Amino acid sequence: MENSISNKAPHLICEWHPTKNSLTPDEISYSSNKEVWWLCSLGHEWQATPSNRYRGTGCPYCCGRKLSNEHNFAIKCPHLIKEWHPTKNGNLTPYDVHPRGKQMVWWQCKHGHEWQATTGNRYMGTGCPTCSGRKLSKENNLGIKIPVLCNEWHPTKNGSLTPYDVHPRANNKVWWQCRYGHEWVTSIVTRYKGTQCPYCSGRKSSAEYNLALKFPDLVGEWHSEKNAPLTPFDVTPGSKRKVWWKCQWNHEWEAVIYSRTKKHGCPKCNIRASKLEIRTYCELKSIFPDAKLKEKIYHKEIDIYLPIIGVGIEVNGWYWHKSEERKNADQKKQETLKKNNIHLIKLIDNRLEISHPNEIPYTNGEEHLPIIIRLLNYLKVNFNLSKYTQEQINNYLQLQKYYNDDEYKVIIRSLPGPLIENSIANNPILLKEWHYEKNNLEPTQVSYGSRTKVWWICKNGHEWESTPNSRTRPGGSGCPYCSGKLPTKDNNLAIKSPELAKQWHPLKNNELRPEMFLPRSNKKVWWLGECLHEWQASIDNRFNGTNCPICWNR
Numbered sequence: 002m003e004n005s006i007s008n009k010a011p012h013l014i015c016e017w018h019p020t021k022n023s024l025t026p027d028e029i030s031y032s033s034n035k036e037v038w039w040l041c042s043l044g045h046e047w048q049a050t051p052s053n054r055y056r057g058t059g060c061p062y063c064c065g066r067k068l069s070n071e072h073n074f075a076i077k078c079p080h081l082i083k084e085w086h087p088t089k090n091g092n093l094t095p096y097d098v099h100p101r102g103k104q105m106v107w108w109q110c111k112h113g114h115e116w117q118a119t120t121g122n123r124y125m126g127t128g129c130p131t132c133s134g135r136k137l138s139k140e141n142n143l144g145i146k147i148p149v150l151c152n153e154w155h156p157t158k159n160g161s162l163t164p165y166d167v168h169p170r171a172n173n174k175v176w177w178q179c180r181y182g183h184e185w186v187t188s189i190v191t192r193y194k195g196t197q198c199p200y201c202s203g204r205k206s207s208a209e210y211n212l213a214l215k216f217p218d219l220v221g222e223w224h225s226e227k228n229a230p231l232t233p234f235d236v237t238p239g240s241k242r243k244v245w246w247k248c249q250w251n252h253e254w255e256a257v258i259y260s261r262t263k264k265h266g267c268p269k270c271n272i273r274a275s276k277l278e279i280r281t282y283c284e285l286k287s288i289f290p291d292a293k294l295k296e297k298i299y300h301k302e303i304d305i306y307l308p309i310i311g312v313g314i315e316v317n318g319w320y321w322h323k324s325e326e327r328k329n330a331d332q333k334k335q336e337t338l339k340k341n342n343i344h345l346i347k348l349i350d351n352r353l354e355i356s357h358p359n360e361i362p363y364t365n366g367e368e369h370l371p372i373i374i375r376l377l378n379y380l381k382v383n384f385n386l387s388k389y390t391q392e393q394i395n396n397y398l399q400l401q402k403y404y405n406d407d408e409y410k411v412i413i414r415s416l417p418g419p420l421i422e423n424s425i426a427n428n429p430i431l432l433k434e435w436h437y438e439k440n441n442l443e444p445t446q447v448s449y450g451s452r453t454k455v456w457w458i459c460k461n462g463h464e465w466e467s468t469p470n471s472r473t474r475p476g477g478s479g480c481p482y483c484s485g486k487l488p489t490k491d492n493n494l495a496i497k498s499p500e501l502a503k504q505w506h507p508l509k510n511n512e513l514r515p516e517m518f519l520p521r522s523n524k525k526v527w528w529l530g531e532c533l534h535e536w537q538a539s540i541d542n543r544f545n546g547t548n549c550p551i552c553w554n555r
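In the working numbering, the protein residues as written are 2 to 555.
Treat the hints with caution; some may be incorrect.
Unchecked claim - Within a straight-line C-alpha distance of at most 25 Å, the following computed SDA-like cross-link-like pairs (lysine to any residue) qualify:
no., residue 1, residue 2
1, LYS146, LEU529
2, LYS339, GLU354
3, LYS486, ASN542
4, LYS276, GLN197
5, LYS146, GLN197
6, LYS402, GLU360
7, LYS454, ASP218
8, LYS334, ILE298
Claimed, not checked - Cβ pair distances, simulated, as ranges:
no., residue 1, residue 2, range
9, HIS12, SER498, 29 to 39 Å
10, SER484, GLY126, 16 to 26 Å
11, SER225, LEU501, 47 to 57 Å
12, GLU302, ASN405, 36 to 46 Å
13, ALA213, LEU533, 36 to 46 Å
Hints were generated in silico from the structure; no laboratory data involved.
Note that the structure is predicted; figures quoted are calculated from it, not measured.
Ideal Cβ placement from N, Cα and C applies to all residues, glycine included.
Go ahead and model the full structure; you've got the sequences and the hints to work with.
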């Protein structure tokens with residue numbers, strides 16, 4: 002037989018069972034899926050297909066996949082034989098089970114604790130759940146492990162359940178009551194990890210801590226109708242809940258409560274415009290009284306709109322309009338407006354490509370008056386204006402000075418945000434790291450010299466708060482995580498010194514955790530040693546080797 006084992010896999014012939022097969026290696030294919038008998042050099046017998054043997058499988062006893070005299074739990078884990086339960090496993094012995102078996106058997110430790118576990122789990126190193134604290138016992142319960150929490154165990158709402166009846170890491174939700182009388186429900190393990198009263202810590206509103214009390218100026222903008230029955234007394238200043246607001250000009254919008262406490266105001270009141278846009282608008286308004294600033298027409302925003310003659314005017318600065326994406330958007334806007342009989346004129350930075358007669362170039366840093374004069378000349382030549390409007394333009398061109406300087410100054414003073422040229426949007430480095438999700442503002446709304454904290458996100462995904470001013474001044478700061486000034490998931494006390502992390506006091510540090518600090522931090526925190534002594538010490542002192550001062554002084 003051409004494809005027989007003898008021809009294709011002669012190395013297997015030596016393990017072909019001499020008596021238990023009705024065929025010979027010459028009579029069966031090397032790729033057959035029929036099970037046959039094999040016999041290894043140590044005398045182990047087993048069944049397997051020629052196909053499996055050809056692919057490399059060997060004796061299951063020799064490789065430990067099957068129980069044998071040489072491979073069983075007693076042989077591989079002799080140190081665990083003494084924990085094999087003497088009575089509860091019947092006739093089963095450690096010699097009868099596989100070291101990595103999934104069979105559940107009974108065990109008994111030297112302290113008399115009894116439990117069930119698979120031989121595989123014991124082989125992998127798991128021990129007595131009671132001794133290791135994984136199981137509730139008279140030595141391992143909340144009342145014994147964290148006695149201070151007994152004072153906050155609710156005296157009536159947990160029925161007959163006591164702190165001595167629950168495991169310190171149990172997921173059961175129970176009632177708690179702090180010394181100020183605040184009541185709340187949370188899991189036992191959450192308290193074990195150090196969380197405190199949500200009212201005292203400001204995570205839930207109370208009579209002593211709520212938005213109305215801490216930020217009374219925001220109460221006037223709370224939208225009572227759309228938020229009903231919710232009131233400013235029902236939420237905390239740090240809440241991430243999105244609610245409705247209404248400004249003094251009756252603009253309505255939704256925003257997260259926390260963002261409002263960070264001075265983020267009405268988005269409609271915030272005009273995002275450059276000096277050239279505002280100056281051009283004010284001067285045109287002296288001639289076209291119905292001129293509009295930042296007007297939306299057919300879902301497209303126009304910098305300046307003159308309804309009486311159907312003209313839109315765009316100010317295309319170099320930075321904002323240089324990308325291909327923006328050029329395509331500008332083209333689509335022009336096409337949409339043209340279809341609706343609105344003529345678009347562009348005042349365009351001469352560093353951009355100028356390709357259309359309706360584009361009036363200007364030089365970066367050029368005085369605004371000559372630009373406005375060129376625009377008025379274009380309007381005068383290309384549009385059928387009324388006699389009165391033509392006279393107004395002629396007078397303006399003869400006078401050669403600003404007509405509406407007073408309104409320009411009023412608008413500039415009243416802007417809630419900076420001019421575009423003074424904003425973060427004009428700083429390419431800061432713009433790349435602006436956190437669009439966590440900031441309820443656009444980069445155009447914040448000055449690069451602002452001392453108000455905002456959110457940033459670096460290319461590695463690290464998020465942090467800092468002022469724009471701290472980032473733009475000489476020697477300005479970058480990402481504190483990348484520079485090693487703040488802890489990361491790979492660089493913190495818990496990672497760098499897990500032994501110290503075990504001594505972190507579970508209660509007295511409130512919400513603070515080892516993962517929140519660098520090993521060299523000078524923050525003074527509470528520690529709980531293996532000796533059960535409690536003391537305060539800075540993290541860097543502990544990292545440098547200092548231990549319990551009480552034990553040291555003995």
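A quick look at each hint next to the structure:
1. As the CA atoms of LYS146 and LEU529 are separated by approximately 12 Å, the hinted pair is consistent with the 25 Å bound.
2. For the proposed pair LYS339 and GLU354, the alpha carbon gap of about 21 Å is at most 25 Å, so the pair holds.
3. Taking the CA atoms of LYS486 and ASN542, the gap is about 18 Å. The hint holds against a cut of 25 Å.
4. Restraint check for LYS276 and GLN197: the C-alpha separation of about 51 Å exceeds 25 Å, so the hint is violated.
5. Distance hint between LYS146 and GLN197 is fulfilled; the C-alpha atoms sit about 17 Å from each other, no more than 25 Å.
6. A C-alpha spacing of about 23 Å is found between LYS402 and GLU360, which places the hinted pair at or below 25 Å, so the restraint holds.
7. Of the pairs offered as hints, the one joining LYS454 and ASP218 holds, with about 20 Å between alpha carbons and a cut-off of 25 Å not exceeded.
8. The hinted pair formed by LYS334 and ILE298 meets the criterion: a straight-line CA distance of about 10 Å does not exceed 25 Å.
9. In this structure, HIS12 and SER498 break the distance hint of 29 to 39 Å, their C-beta atoms being roughly 54 Å apart.
10. Between SER484 and GLY126 the beta carbons are some 40 Å apart, a value that contradicts the proposed interval 16 to 26 Å.
11. A C-beta distance of roughly 52 Å is found between SER225 and LEU501, which places it inside the suggested range of 47 to 57 Å.
12. Against the hinted window of 36 to 46 Å, the Cβ-Cβ separation of GLU302 and ASN405 comes to about 22 Å, which falls outside the hint.
13. Checked against the hint of 36 to 46 Å, the pair ALA213 and LEU533 passes, with Cβ atoms roughly 45 Å apart.
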